[in-house]
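Kindly generate the complete structure, drawing on both the sequences and the hints.
Chains as they are written, first to last, in our numbering: chain W, 1 to 98; chain B, 99 to 293.
Check before you lean on any hint, since a few could be wrong.
To give an idea of the chain B side of the interface with chain W (calculated C-beta under 10 Å), a few residues [said to hold, decoys possible]:
1) 107
2) 111
3) 113
4) 184
5) 187
6) 188
7) 189
8) 191
9) 195
10) 196
11) 197
12) 199
13) 201
Partial chain W-side listing against chain B, Cβ under 8 Å, derived [stated by the list, open to error]:
14) 10
15) 12
16) 14
17) 15
18) 43
19) 44
20) 66
21) 67
22) 68
23) 69
24) 71
If you're looking for bench data, these hints aren't it; they were derived computationally from the structure.
The beta carbon of each residue, even a glycine, is placed where N, CA and C say it ideally should be.
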Amino acid sequence: MIRRLILDVLKPHKPGVVEVAEALSHLEGVEGVNVIIYEIDQQVENAKVVIVGSSIDFESIKKKLEEMGATIHSVDEVAAGKIIVEEVRTPQDRSARM
Amino acid sequence: MKFLEKIRRYIRISEVAPISRRYFIMNAFDGATTVLGIVIGAYAAEITNESWVIWSGLGVSLAMGLSGFVGAYMTEEAEREKKLNALEKSMLTELTDSVVGKASRFASLWAGIVDGVSPALAALVCLTPFFLSSHGLFAINSAIQLSVAMALSIMFLLGVFLGKISNRNMLFHGAKMLFVGLIITFIFFMLKITQ
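Given below as structure tokens:
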């Protein structure tokens, strides 16, 4: 039962973010969508897509994105289960950064 | 998704609206001008049989409609295919079955339909007085006058439409288009006089 999904998506300029976000939000099990464009090229743009829901079906998300002409570059975060577990910082993370 | 909603979506994604507007105005103007030429030619040749004008007009409408459709469809298809290929290269994926590919194919068809229908429709509207005349509603001379007036009106309305698109003076744009129509009419009449 996926509750939160963070994707790195490559998409053409058209359909725009409004249309993509709207299409994803209409999918079953999805309660909220956030699409942020963080890079724009001549032909394509990169978007960070955050999807929150009660029971997100990854395959239907992938299919919808492909239908809109977009491709998933990477799945950056998945939160599944009864509650959403946030990322936890550990001492190792701190030392790794140093 | 409803059919009309789908079409609206394809038009939005393919951005075919400005192109089809251009095609519509250019070709409707062509259609009206061609029939204007046929009608004034018929007047100059002192033709008393409306079926000559009707059949010439219908032949021209069909030819313009078909050539418009095929020409615009093939040109647009080639251009859009090129654009889609470039996009596929950037995306490193095939887009044929995506909404982008579908919108691209729809845009070619839409441009073809607009390019084919607009001249044929304008020509048919200008021919209406002759259809009515053939049913004995009025004399052929009245049909000629009415048809010329209709062709000029179509030109004026196309100008008004252009004015509306550009958010400028609609009457001025209408008058500009009408002026072109009047020049064509004037040249024809001068040819007839100097004959």
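The hints, checked one at a time:
The criterion of a C-beta within 10 Å of any C-beta in chain W is met by residue 107 of chain B, whose closest approach is roughly 8 Å, and the hint holds. The restraint placing residue 111 of chain B at the interface with chain W holds, with a minimum CB-CB distance near 5 Å, inside the 10 Å limit. At its closest, the beta carbon of residue 113 of chain B sits 7 Å from a beta carbon of chain W; the interface hint therefore holds under the 10 Å criterion. This hint holds: residue 184 of chain B has a C-beta 6 Å from the nearest C-beta of chain W, less than the 10 Å allowed.
The interface hint given for residue 187 of chain B is met, as the beta carbon of that residue sits about 8 Å from the closest beta carbon of chain W, less than 10 Å. Against a cut-off of 10 Å between C-beta atoms, the interface hint on residue 188 of chain B holds, since the closest Cβ of chain W lies about 4 Å away. At a threshold of 10 Å, the smallest CB-CB gap from residue 189 of chain B to chain W is about 6 Å, leaving the interface hint in force. Here the hint on residue 191 of chain B is kept, as its CB sits about 5 Å from the closest CB of chain W, short of 10 Å.
This hint holds: residue 195 of chain B has a C-beta 8 Å from the nearest C-beta of chain W, less than the 10 Å allowed. At a threshold of 10 Å, the smallest CB-CB gap from residue 196 of chain B to chain W is about 4 Å, leaving the interface hint in force. Of the supplied interface hints, the one on residue 197 of chain B holds, with its beta-carbon coming within about 6 Å of a beta-carbon of chain W, less than 10 Å. Hint status for residue 199 of chain B relative to chain W: holds, with the closest Cβ pair at about 8 Å, below 10 Å.
A distance limit of 10 Å between C-beta atoms decides the matter here; for residue 201 of chain B the minimum to chain W is near 8 Å, and the interface restraint holds. This hint holds: residue 10 of chain W has a C-beta 6 Å from the nearest C-beta of chain B, less than the 8 Å allowed. Proximity of residue 12 of chain W to chain B holds as hinted, the smallest CB-CB distance being about 6 Å (cut-off 8 Å). Using the Cβ-Cβ criterion of 8 Å, the hint placing residue 14 of chain W at the interface with chain B is satisfied: the shortest such distance is roughly 5 Å.
Checking residue 15 of chain W against chain B: minimum C-beta separation of about 5 Å stays under 8 Å; hint holds. Here the hint on residue 43 of chain W is kept, as its CB sits about 4 Å from the closest CB of chain B, short of 8 Å. Checking residue 44 of chain W against chain B by beta carbon gives a least distance of about 5 Å; that is within 8 Å, so the hint holds. At about 6 Å, the closest approach between the beta carbon of residue 66 of chain W and any beta carbon in chain B falls short of 8 Å, and the interface hint on this residue holds.
Interface hint at residue 67 of chain W: satisfied, since its Cβ lies 6 Å from the closest Cβ of chain B, which is below the 8 Å cut-off. Interface hint status for residue 68 of chain W: upheld, as the beta-carbon distance to the closest one in chain B is roughly 6 Å, under 8 Å. Interface restraint check for residue 69 of chain W: the shortest CB-CB distance to chain B comes to about 4 Å, inside 8 Å, so the restraint holds. A cut of 8 Å between beta carbons decides the hint on residue 71 of chain W: the least distance to chain B is about 5 Å, and the hint holds.
Of the hints listed earlier, there is not a single one the structure fails to meet.
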